[in-house]
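**Student:** Work out the full structure: start from the sequences and follow the hints.
2 protein chains.
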Amino acid sequence: MDDMPHVEFRTSPPKYKHWRLNADGPVATLTMDVDEQAGLVPGYELKLNSYDLGVDIELYDAVQRLRFEHPEVKTVVLTSGKDRIFCAGANIRMLAAASHPWKVNFCKFTSETRNGIEDATAGSGQVYLAALNGTASGGGYELALACERILLVDDRSSVVSLPELPLLGVLPGTGGLTRVVDKRHVRRDLADYFATKSEGIGGKKAVQWKLVDEIVPRVRWDDIVSERARDFASSAARLPGGPAIELTELAKTRAGDSIGYRYVTATLDRDRAVAEITVTGPSAAAPAAMDGVYAQGAAFWSLAVARELDDLILDLRTNETEIGTWTFETTGSAERVLGYDKLLLANYDTDWLAREIVLYAKRTLKRLDVTSRSLIALIKPGSCFAGSLLELALAADRSYMLTGVFEEEDREADPATITVGPANLSGPPGNGPLPMGNGLTRLATRFLGDTGALAAVEKAAGERLEADEAEQLGLVTFTPDDIDWDEEVRIAVEERASFSPDALTGLEANYRFAGPETVETKIFGRLTAWQNWIFYRPNASGPDGALRAYGTGKRADFDRKRV
Amino acid sequence: MDDMPHVEFRTSPPKYKHWRLNADGPVATLTMDVDEQAGLVPGYELKLNSYDLGVDIELYDAVQRLRFEHPEVKTVVLTSGKDRIFCAGANIRMLAAASHPWKVNFCKFTSETRNGIEDATAGSGQVYLAALNGTASGGGYELALACERILLVDDRSSVVSLPELPLLGVLPGTGGLTRVVDKRHVRRDLADYFATKSEGIGGKKAVQWKLVDEIVPRVRWDDIVSERARDFASSAARLPGGPAIELTELAKTRAGDSIGYRYVTATLDRDRAVAEITVTGPSAAAPAAMDGVYAQGAAFWSLAVARELDDLILDLRTNETEIGTWTFETTGSAERVLGYDKLLLANYDTDWLAREIVLYAKRTLKRLDVTSRSLIALIKPGSCFAGSLLELALAADRSYMLTGVFEEEDREADPATITVGPANLSGPPGNGPLPMGNGLTRLATRFLGDTGALAAVEKAAGERLEADEAEQLGLVTFTPDDIDWDEEVRIAVEERASFSPDALTGLEANYRFAGPETVETKIFGRLTAWQNWIFYRPNASGPDGALRAYGTGKRADFDRKRV
Chain A
1 MDDMPHVEFR TSPPKYKHWR LNADGPVATL TMDVDEQAGL VPGYELKLNS YDLGVDIELY
61 DAVQRLRFEH PEVKTVVLTS GKDRIFCAGA NIRMLAAASH PWKVNFCKFT SETRNGIEDA
121 TAGSGQVYLA ALNGTASGGG YELALACERI LLVDDRSSVV SLPELPLLGV LPGTGGLTRV
181 VDKRHVRRDL ADYFATKSEG IGGKKAVQWK LVDEIVPRVR WDDIVSERAR DFASSAARLP
241 GGPAIELTEL AKTRAGDSIG YRYVTATLDR DRAVAEITVT GPSAAAPAAM DGVYAQGAAF
301 WSLAVARELD DLILDLRTNE TEIGTWTFET TGSAERVLGY DKLLLANYDT DWLAREIVLY
361 AKRTLKRLDV TSRSLIALIK PGSCFAGSLL ELALAADRSY MLTGVFEEED READPATITV
421 GPANLSGPPG NGPLPMGNGL TRLATRFLGD TGALAAVEKA AGERLEADEA EQLGLVTFTP
481 DDIDWDEEVR IAVEERASFS PDALTGLEAN YRFAGPETVE TKIFGRLTAW QNWIFYRPNA
541 SGPDGALRAY GTGKRADFDR KRV
Chain F
1 MDDMPHVEFR TSPPKYKHWR LNADGPVATL TMDVDEQAGL VPGYELKLNS YDLGVDIELY
61 DAVQRLRFEH PEVKTVVLTS GKDRIFCAGA NIRMLAAASH PWKVNFCKFT SETRNGIEDA
121 TAGSGQVYLA ALNGTASGGG YELALACERI LLVDDRSSVV SLPELPLLGV LPGTGGLTRV
181 VDKRHVRRDL ADYFATKSEG IGGKKAVQWK LVDEIVPRVR WDDIVSERAR DFASSAARLP
241 GGPAIELTEL AKTRAGDSIG YRYVTATLDR DRAVAEITVT GPSAAAPAAM DGVYAQGAAF
301 WSLAVARELD DLILDLRTNE TEIGTWTFET TGSAERVLGY DKLLLANYDT DWLAREIVLY
361 AKRTLKRLDV TSRSLIALIK PGSCFAGSLL ELALAADRSY MLTGVFEEED READPATITV
421 GPANLSGPPG NGPLPMGNGL TRLATRFLGD TGALAAVEKA AGERLEADEA EQLGLVTFTP
481 DDIDWDEEVR IAVEERASFS PDALTGLEAN YRFAGPETVE TKIFGRLTAW QNWIFYRPNA
541 SGPDGALRAY GTGKRADFDR KRV
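Chain order of the listed sequences is A and F. Residue 1 is where the first sequence starts when you use my numbering, and the numbers rise one by one after that. Residue 1 is where the second sequence starts when you use my numbering, and the numbers rise one by one after that.
Rather than coming from a laboratory, the hints here were simulated on the basis of the structure. Incorrect hints may appear among the rest.
Each computed EDC-like pair below joins lysine to aspartate or glutamate, with the alpha-carbon atoms no more than 16 angstroms apart [claimed, not checked]: (1) A/561 with F/320; (2) A/205 with F/471; (3) A/204 with A/148.
**Tutor:** Below is the structure:
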């Protein structure tokens, strides 16, 4: 699997091989029924509802569609179509054969989908209920942990377990350890025992230890699951659902070194190891009211951009691992961008669709924050880094903003400006509409501990800030003029390509999350970093490591030194 | 360096090769003047005030002695005895030749010493001032970052820098990245640029970017440093200093498979990969008042135990990497332990020595929390897991408490009890006397999100709790009786030895720190985990990696895939 297949993340329910999505009024059921023979790459069978990236791509698609195409759904029951097994977690043969970057990228995407499930519960009031009609092991139990409530069938054989450590010599890598202690508040010593006991825990003890919320005898299973789902639906805080919005197939071209969508394009320069990404602003002013948004549906600019960026991030992460730097440019009208933001934020509290679009933008930007690529924003005349699009510059590791204009290109042009808008500011809703995983806005993270600087930026909201003002306010990093621009940007990109890719990943992972940590940032920071190290060590992935030894009858041969 | 030398952490100023400690009234000066030829192991020269573990052991000793042997010192000026160089950081040739476990253990100890410097400032009001009389690079700048204030000489050549990423393909591994953004609040994009610019930043920009607090022309250097030190000393919150307490040489025997001190012993069972550690309680009741403590000095039980455990932890971590499990037992009188705690806590707010002893116990327990070994507490009749010693059981990954007695051993014995005391409870002082790195007590971390359970435990404070009550309250994990004890404990220890040591390290690092994260936990969680991964990857440590290539004139040959 060192030759990774090209992966497309676009799919839709008719194409699903592994999941069934049934909506019945306010309750939807998402059924995992993995096709053993339909793995994404050859070489393994997806037995016991185990999953690979292909299975997870469908789950991600279903979770997204539930939010846009099923506004009436308030509770999602996540269950299995197999008998006596909910899900056995990530497929082990797949993991054992996978390259290190593949494993890491796979776990990141899987984690993001689980965070998305929690976001549906917390942000949209679309509440997930894990109905474990059989054993949930490893990643299967981690999937359940992302749900608001976990029901386990009580049949003397079904259990929940995290057998990764004793069986495979790795960690539960998609949030399990963090969620057990930080979300479900399982006592750490019980959690320790649980994660070393490969046979898992079921019955009353699973409830006493807080590993599940409720156990239900098999004879009453269907009734109780339905009852709980209806109860959840009746108390769920989801805004009243208007007409559904179909997530129509994303128009995408991918040829040679360019990837194109309606509003987002990327040019891949493999020699310089850079992807030059451009986001185009709206081609018309925002509709006057939400009915105009409903009329446009998936074509509505804000939603289209969120979807296109989302797909592009996933595509580049998975298929273009040697492209280490992404530059972001924008082109279009700042006023229009701010107009779209304004419409959505004005209706955030009352209109489900306005809220869903903002939440989707939030998740896409969070995906950028945890992307292991250097991000550089290039702010030039004609750009529209304003409001929600300014977040791209604030998410970047650095930004360059041209002072003045390019004399030879267009000496009559207006100099570049950036504009802080309500989308960038904290509260309401919550900590601002587009918070990072640490719970703060990107501005609050940027100016952590410097309330004066943050206040000055807030005061400048709505103003078109030219380079000198933007630099003064701390909103951009460097402001070269026409004479220095090419050289400075060239050096920044070339330098990045010359550095150790590993060290850059570590640097960025540490710098991007100043301030408080949450379950989410702990998963991507603490847990993922340890898991990556463990994955890479011979004790897991070496020829005699536990991942390779699993199922062969051989015992793993460990270097016993504690590091 | 795969054959690591045996390392002793005990030293004292007359033995220092690399540091000078001069106290002059309320201001002490700690001068780094590394002996190039006196590296801990052969194979490298400690040029430009670069350091290895030997240099850092002396620094740790000096920082400890400043707290106990210099109660009059309120400000410590940390500076260099070399011309135009403060410190070049960890020695690169040493790092390049070091084994992975050695590098990781070295960085952990170095980080702990830096946290100890911050603890002196925050806990004791003994404030550190970094007087950078020349360039501070890498770990040299990270050392400065641990100080409360950083002065840099302004001479057009002296800078601060974090050149690890561009020059060595690794991260600044002892807190630098975290402290830059989370402590000093350097803006993340400037911090990004700074960590990629190997030539560093000095002069006004270093102040503007908050990398240092003040720049001082060389002609005024001595005057200004003295003035700032005096100012700090006059406003420092250190309690009035009584007679100094000499940290006399720790009596230690280390023969074959046993390590012994006055109150702490360890038996190493290499076959079972376990160190059986026993802490003995006080041999007499606590003195009635602090004058009795001053009279006993370093022999005072609480101080002696903190020192002995501290040395044992460092010894086992460094010299016994294949001993993966540590068991903790105690023996003695719980009343006496509680008496010692009571005396110290009653005087914490008014007596510098009482406070120092408590703070030392806190730091030692924190060292345990970040130790990459499985910790198991064994609670048997005759033990004294009460108050400060109960923290050993609360720090453990699991605890086993005997129900009843060992019939064959002593059927008349009193069953084991544990006692929660004021040392275990939160506030005052601060979040309790013995908080973890996350800022919470071990009890609060244990019962995170379960205020009812925590309240029940607080209510039971002072009671001698037998096994069934202790289990009911959630204070111990398992309570086997005489019949099951040997088997259960044996299996727990054997299992631990059979698991992947790497996965156990990751598991424990994730479980032990539920709840909030701080600069300290971010350093040991997020930063350290990424650094360990980076250290292990061929891009850093492989034959063509950046660490090996440094100084050879060859460029590192990187696998360019971003992970």
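**Student:** Quick one, are residue 204 of chain A and residue 148 of chain A close enough, alpha carbons at most 16 angstroms?
**Tutor:** violated, 19 angstroms
**Student:** For the pair we were handed, residue 205 of chain A and residue 471 of chain F, check the Cα-Cα distance against 16 angstroms.
**Tutor:** Holds. Residue 205 of chain A to residue 471 of chain F sits at ~14 angstroms (cutoff 16 angstroms).
**Student:** Under the criterion that the straight-line Cα-Cα distance not exceed 16 angstroms, is the pair residue 561 of chain A, residue 320 of chain F satisfied?
**Tutor:** The hint holds at about 8 angstroms.
Violation of the numbered hints given earlier is confined to hint 3; every other hint is satisfied by the structure.
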